[in-house]
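Engineer: The chain contents come next:
Number of protein chains: 2
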Amino acid sequence: VVLTSGDVDHIGGLLSLRESHRFSIHATREVLAIIVGNPVFGVLDSEIVKRNVLDPGRPHCLDCGLAIEAFVVPGKVPLYLEGDGPVSNRRSGATVGVVVSAASRRFFYVPGCAEIDDDTARRLENADLVFFDGTLWTDDEMIETRTGTKAGRRMGHMPVSGPMGSLARLKELRVRRLVYIHINNTNPMLVAGSAEQKAVAAAGAEVGFDGQEIVL
Amino acid sequence: VVLTSGDVDHIGGLLSLRESHRFSIHATREVLAIIVGNPVFGVLDSEIVKRNVLDPGRPHCLDCGLAIEAFVVPGKVPLYLEGDGPVSNRRSGATVGVVVSAASRRFFYVPGCAEIDDDTARRLENADLVFFDGTLWTDDEMIETRTGTKAGRRMGHMPVSGPMGSLARLKELRVRRLVYIHINNTNPMLVAGSAEQKAVAAAGAEVGFDGQEIVL
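Chains as they are written, first to last, in this note's numbering: chain A, 162 to 377; chain B, 162 to 377.
Please keep in mind that the hints were generated in silico from the structure rather than gathered at the bench. Where hints are given, some of them may not hold.
Chain copies aren't distinguished; within one or between two, either way the pair holds.
Result set (SDA-like, lysine to any residue): computed pairs, CA atoms no more than 25 angstroms apart in a straight line [stated by the list, open to error]: (1) 311 to 286; (2) 359 to 220; (3) 359 to 194; (4) 332 to 353; (5) 211 to 200; (6) 211 to 173; (7) 211 to 199; (8) 311 to 208; (9) 359 to 324; (10) 311 to 177; (11) 211 to 374.
With the rest of the complex left out, here is chain A:
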């Protein structure tokens, strides 16, 4: 299990893997600190479930033969650790993307990203395959749909649409195959036949789906 964030949608599922199955967790120091700071994750016996530090920028071999490397992207700390002060998107091990490779093939997995800054752009440029943060179509979507009170960037997610959105930006960076993941249920690109879903397809990108398999 490779964790790219300590937010509950990334770590909550670990509690369902507690039946003495042998596996390993790979995460940055920041995310591992969250696991340690919540004793409930002790249901994953550390004799059975090893915790491994993933140092951003350093390749790391998994037992299954894949190589992974985490890289820091702009993001925020998890919701439940925000505190009362102002929250900003910054670069820290709290939010990372990963590049996964085997032999000469590789793909990027970036489920949370507040901004494609220069460093992130350099990494993703010309990539064969990128799975990217598809949380919201527009920055104010949750406010508009009255499902929330926060803008996307306040939640650490850049929108898909618009001139500064990820779709335009990743196409500029000549990403060859772009698959959106981590899609909020307010995002209209999830609706079959919607104008937004057509816009994604017209730009040569894809809306990911459960059970999707991709051969590189």
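Please arrange chain B on chain A, whose structure you already have, making use of the hints.
Structural biologist: Frame of chain A; chain B shown alone:
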């Protein structure tokens, strides 16, 4: 949501109720301390999800009009808080049963119980309806099936079967309707047509099932 234990199978589901739904949590001080001690439960905004102390032995009214009263039963602390020292079953707010009542009808809900001691026996005697801890059929079931290394009592659960089991004990106490819940997947009484399931029925008790509705 009324919590009778801080073990992960009782509290983990709270993380799936985090979408700004308004509800209340009712739990003993011991169990609420566990929620507070795991910052991840902060995803349940305390402005939206109120935490209420349930004092064992004191009736407590829910907004829905039901009255509940928690009562301490023998049990142990949650697995992930066991530490390295010896673990024993004792009476504390870490494990409670509840009696739920409306008008003149009431039922008992006891999903974890290491022993029917005198106090527990006095409460359950002559009850119209008891939902009771059906984790294991025999104390050494998980060892025998090689699914675990601990005996039932070591896990805070008394077995259903045997002269000291809950089935014999609750029938002695003239419980009128007994429905087993919290049943581990190693318990053979779950298997349709098994001798164990027949033994439960022959004793006038029931194996609970998902979606079961009971009118009192």
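Engineer: Which of the numbered hints are not met once you compare them with the structure shown?
Structural biologist: 1, 2, 3 and 11
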